[in-house]
Amino acid sequence: MKLFPILITGIFCLLSQVCAAVPEITVGVFERQEKIQISAENGFAIYDISSKKVEVFKRWNKSVLDVSVTERGFGFLTHRNLRHIEIVPFRKHPIHVNKMVFRGILRIREDRFGKMTVINVLDVESYLYGVIKSEMLLNSPIEALKAQAVVARTYAIRNQDKFLKELGFGLTRDVRSQVYNGVLDEHDLAIQVVDATRGRILTHEGQPISAYYHSACGGATQDSGTWGNRIAYLKATDCKYCENYKDLHWEYELSLRDLTNKLREKGHVLSNISDVKLSKDAFGRVIRVELVHADGTMNMNANHLRTLLGPNVLRSTMFNDISRRTGDTDPAEKAIDQILNSFMSRMNGDRSIRWHGKGFGHGVGLCQWGAKGLANKGYNFEKILKYYYSDVSVTRLYD
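This note's numbering puts the first residue of the sequence shown at 109, with every later residue one more than the last.
Check the hints yourself; a few may be wrong.
[Unchecked claim] Ranges of calculated distance between the beta carbons of each label pair, as one might list FRET restraints:
(1) K273 to I395: 29 to 35 Å
(2) S382 to N247: 46 to 52 Å
(3) H201 to T178: 24 to 30 Å
Rather than coming from a laboratory, the hints here were simulated on the basis of the structure. By construction, the Cβ of each residue, glycine as well, lies at the ideal position given by its N, Cα and C atoms.
Produce the complete structure using the sequences and hints provided.
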């Protein structure tokens, strides 16, 4: 029986019919490793992908393999040196790699740094078992969890080749793709919602959508056009359903001097910033930031600024500048702000900005806390999905 190469199943069959095969995906689970330890109950076969030779390690009821980097490739207990291998467990048992456990099979290949990349190859449904718990709290309503399962499946299938050319695998196991921790993060409820939505993805005009999602939008999702290219099904949507997010409100403060230095560290050439002006969309989300400095102005996309300052610091782009209160703000609060800024200027020759914001994440697509709120109001998973994604269909890709 020919086992190599294992080909990833094509997904773009006619969506008017249900495809029989479940797509396989490749996930980079370890990168730049010098040494790893592998084991599996009942043992496993090791395939040299280049030579097609098979070597089986079996020690009593368990098999243990130490793989390390040598000048000639991978060093095994048998002192054979290889550069691209595949590990296939007997009886489809999970594979233990260091302190993690994975379904499916493993590929180990030498990277461009002369170290090892460990790739988990498995079907997308098994992959999702290890994703749901990491991406949404399991105490969420069941319909919200089902919505998350459909979105995560759509994301995986749409992006299954995203990093293939650059890294040699399709998806990462961190926030560059979706957080995936294998069998150790599986849970009966996660398996239940994955199985209940098996094969279902979101499509637009017959193709899997770019199924972006985030933690909490803070009152309205963001139009994808602020990222550069407007996508028809990723429009700004009013959302009042994430108000139960415990960290909904946040503040961020820094001096203009520190802001200048942070941007310089990221490669932006500008003189000392003297003012920051915000441009917002109709929902109050900051779209662009104007940085006023001695030599002119610099206009920057608010999402880019968030990336530069750190997404866990500037938690979203839904924020106000409260260092210069206007409108109906209490006059006493404005006076206090003016005194504080005047004091900072005298002490440091600098002024601080204070931003008060709501939400967490980029704001595009599904609002996870909003999905919970909608589920609590009686929405099923399909209605939740169509609330956040415009003109989409829930399509069954396979049985």
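Against the structure, the hints come out as follows:
1. K273 to I395: 29 to 35 Å: Holds, at about 32 Å.
2. S382 to N247: 46 to 52 Å: 47 Å, holds
3. H201 to T178: 24 to 30 Å: 28 Å, holds
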